[in-house]
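J.: Take a look at the letters that make up each chain.
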Amino acid sequence: MDPVWTLFSRRTFSRLAYWLSALGYDLRDRSLGNRIYLVYFCLFWLAWIIAVVALLGGGISSAFGAIQVYSPPVNFVIVLVEYAFILWVLVVFWQVSRRSPFVFSQEDAYLLCQSPVSRRKTGLAWFVQGIMGSFILFAAAAVLLSFALVGWQTQGEITFFTVIEYLKAIACALIVIMPIQVGFQAGLWGLGALRLHQRREMRWMHLVFFVMVVFIVASFVFPALQPILVAPFRLAIEAAFMNGIAASKLLVGLGISFLYMIIGLAFLFSQTKNINLSRAAQETSHLTTTSQARAYGQFGLANLISQRRRLGVARSPSRLLNHSGSNILVWKDVLQFFRSFRSEEVFNFIWIFGLSLGMFSSSNKALQLLLAAVWTIIMGNLTTRRLRSDLARWWLFRSLPIRPREILKDEIILSCGVFTMLGWLALLFSHLTILSSLFLALLLPFLAINATLAAAHDILRHSKARTLMSPSLTEENVPRQNIGGVLQGWVSVLIPFGVAVLLSAYPELMGWSVAAVPLVLLITIFNRSVVLSAFHWIE
Amino acid sequence: MNPGEIAVLEGPNGSGKTTLLLCLSGLLHPTSGQIWVDGHDLDSDEVEAKRCLAFIPDVPRFYFELTAWEHLRFIASAHDAAHDFEPRAEMLMREFGLWEARDLFPHHYSRGMSLKLGLLLAFIRPFKVLLLDEPTSAMDPDSKLLLLQRLADYRTQGVAVLLSTHDPGLKHGLADRVYYLKNGYLSTV
Chain A
14 MDPVWTLFSR
24 RTFSRLAYWL
34 SALGYDLRDR
44 SLGNRIYLVY
54 FCLFWLAWII
64 AVVALLGGGI
74 SSAFGAIQVY
84 SPPVNFVIVL
94 VEYAFILWVL
104 VVFWQVSRRS
114 PFVFSQEDAY
124 LLCQSPVSRR
134 KTGLAWFVQG
144 IMGSFILFAA
154 AAVLLSFALV
164 GWQTQGEITF
174 FTVIEYLKAI
184 ACALIVIMPI
194 QVGFQAGLWG
204 LGALRLHQRR
214 EMRWMHLVFF
224 VMVVFIVASF
234 VFPALQPILV
244 APFRLAIEAA
254 FMNGIAASKL
264 LVGLGISFLY
274 MIIGLAFLFS
284 QTKNINLSRA
294 AQETSHLTTT
304 SQARAYGQFG
314 LANLISQRRR
324 LGVARSPSRL
334 LNHSGSNILV
344 WKDVLQFFRS
354 FRSEEVFNFI
364 WIFGLSLGMF
374 SSSNKALQLL
384 LAAVWTIIMG
394 NLTTRRLRSD
404 LARWWLFRSL
414 PIRPREILKD
424 EIILSCGVFT
434 MLGWLALLFS
444 HLTILSSLFL
454 ALLLPFLAIN
464 ATLAAAHDIL
474 RHSKARTLMS
484 PSLTEENVPR
494 QNIGGVLQGW
504 VSVLIPFGVA
514 VLLSAYPELM
524 GWSVAAVPLV
534 LLITIFNRSV
544 VLSAFHWIE
Chain B
1499 MNPGEIAVLE
1509 GPNGSGKTTL
1519 LLCLSGLLHP
1529 TSGQIWVDGH
1539 DLDSDEVEAK
1549 RCLAFIPDVP
1559 RFYFELTAWE
1569 HLRFIASAHD
1579 AAHDFEPRAE
1589 MLMREFGLWE
1599 ARDLFPHHYS
1609 RGMSLKLGLL
1619 LAFIRPFKVL
1629 LLDEPTSAMD
1639 PDSKLLLLQR
1649 LADYRTQGVA
1659 VLLSTHDPGL
1669 KHGLADRVYY
1679 LKNGYLSTV
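As you go down the protein sequences, you meet chains A and B in turn. Under our numbering, the residues of the first sequence are numbered 14 to 552, in order. Under our numbering, the residues of the second sequence are numbered 1499 to 1687, in order.
Take these hints with a grain of salt, some might be off.
[As the list claims (entries may be wrong)] Listed next, the stretches of chain A that the computed footprint assigns to chain B, with coverage defined by at least 3 CB atoms under 8 angstroms from CB atoms of chain B:
#1 289–298
#2 324–333
#3 342–352
#4 399–408
#5 439–445
For the record, the hints were derived by calculation from the structure and aren't laboratory data. Just so it is clear, the structure is predicted and the values come from calculations on it, not from any experiment. Backbone N, C-alpha and C fix where the C-beta goes; we use that ideal spot for every residue, glycine too.
Extracted from the complex, chain A is given alone in its bound form (with noise of 0.2 angstroms):
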């Protein structure tokens, strides 16, 4: 048997399985009583993807009464459909352009890619399995707008005709669309497949992605441009769409579609011949580790293996200014804070600060708790990184001759003070009174440092030197904050603040909401010894 289709159907049944199995059947399982069931799960399945296209393309439908500047709709639909081609060929060459779109595993690199099997199978193979997530991408937006479209001109009433309406607006939606999506995304392989078997790396493809990015902008500021650069889909995406259009016209557009698909596929076919699987491998293998990383739900590992190839390979040494002793670990934290900082990142600062404005200017009690217990969890994830990170490497880190006292306020230091001074711009955009803001001021420092104590603890806690020398690769070996951590969090926290909330909503007991300052003050002199005797006692 021939070893690409082998591999292929052996790995296209065992993703099938993967997701039957996420969805509910066992795929392997071959009684009387699983086949019964099957009947069953296929009609669920059924009804369930009806539910949805019908309430997603409800909403949509009723959506459209909202859009004055295209009317009638269809027109919106059609602009939207060929930007969104636009933009997502755009986005497909960039990645060709950059590396295979073939991606091999390790496995592959070893196994399939050093040996001689037949470089255009192995292409329009991996093309079949590639292909598949935009395809039902695509096919889901079609089937939704052109629902939704029916549902508009019908107002959504369902008579035995309108039923009809709607398969025929979905099939002709489907039956035009699917074959440019296929027939675009062959033609971007292709030129991916060019590019591995050229010797040299082939530069022009970053001047053309650089051209059409200046074009697609130009034609926002110039309209006029806009008829070129969506003449390719206008008349095929029109046929899929316009209800009632003619039948030539339907005809033309079915005719350019599958032109696209024929041609998109030629051009795969003859330049897959001679593709180098091997600087594929190489190109893509880490992608499957990640992809894997993440299908097993180990999100950490998948964010280090990215976080190392975002590195690069290698820096000039940074000019940032150190001390000696035990500030060197702050410049420690801010180096690796700099050089592993993400655009994502963002998110977790407004994050913090929309709790912490939550937490602060909400004016029902429960709420403001209910947030405060939040923030407390994510508070004490994100200011134990570093931590975390330091324990992976616990030969080095716990090598170092610096007071256990100093390397906890050195590991905290940064965050706690990041973190606070973003509660304090909270504070700011809060309506409190200022004697209130400048009471929480003063408490936001102490609950954010026991957030992280509670975290570090639990850390600590259920770390194993053994474990921690294990000579793997990443954090993975570090544990993570548990409910326990949780817990002491909650109470380190909640407690100050509930006091310093709830008793400042009594103008009687107003007073002893002073209470929480000793409170925290209390709680973090515990905690603190709790984290140091942790540290010292890792087994």
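Since the structure of chain A is provided, determine the placement of chain B on it from the hints.
T.: Here is chain B on its own, set in the frame of chain A:
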């Protein structure tokens, strides 16, 4: 162990050589007993004891975000040994053939290079006791020779060295004393 003495720790796989070294380096708490380093109790006078102690595991792990050069700077500064850092670091890196790779992130190093960087992190700062866990396991012959030379130099400077190894060359060429560890018992060979 005495100053200026090189001792080799031998034993079958799983006999506890690494565990013993981890305990001696303060990375693992011993179930009983005390460890004294140059007159400092490793438990109660931890900071001073650790100033005198350097340990390099067989598979050292480094920070992803710091280059090899920055690792050296980090350790030198933490040990208050940043004086003349640059010429010393350059000399060490050149000696061990890592100079050209100084700006690389260590996760791009080969195993042998990682081991050498681990050694340099010890050599960049002062110490009186050196603990090495299978230091030559991934080294090329030239680097091994270089390490032997270094260890001999440290012996003359009064540094006590304890290393675990399966390498007979190290034992015969260098050791003043050989310990054999089996079933939890340490004996002198």
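J.: When I compare C-beta atoms, does the stretch 342–352 of chain A have three or more residues closer than 8 angstroms to chain B?
T.: holds (count 6)
J.: If you count the residues of the stretch 289–298 of chain A with a beta-carbon closer than 8 angstroms to a beta-carbon of chain B, do you get 3 or more?
T.: Our answer is that it is violated, as 0 residues pass the Cβ test (under 8 angstroms) against chain B, missing three.
J.: Please verify the coverage claim for the stretch 399–408 of chain A: does it have three or more residues whose C-beta sits within 8 angstroms of some C-beta in chain B?
T.: holds (count 5)
J.: Count the residues of the stretch 324–333 of chain A whose Cβ falls closer than 8 angstroms to any Cβ of chain B, and tell me whether that reaches three.
T.: Satisfied; 8 residues make the cut.
J.: Would you say the stretch 439–445 of chain A counts as covered by chain B, given the rule of at least 3 residues with C-beta under 8 angstroms?
T.: violated (count 0)
In terms of the numbered hints stated before, the structure departs from hints 1 and 5, listed from lowest to highest.
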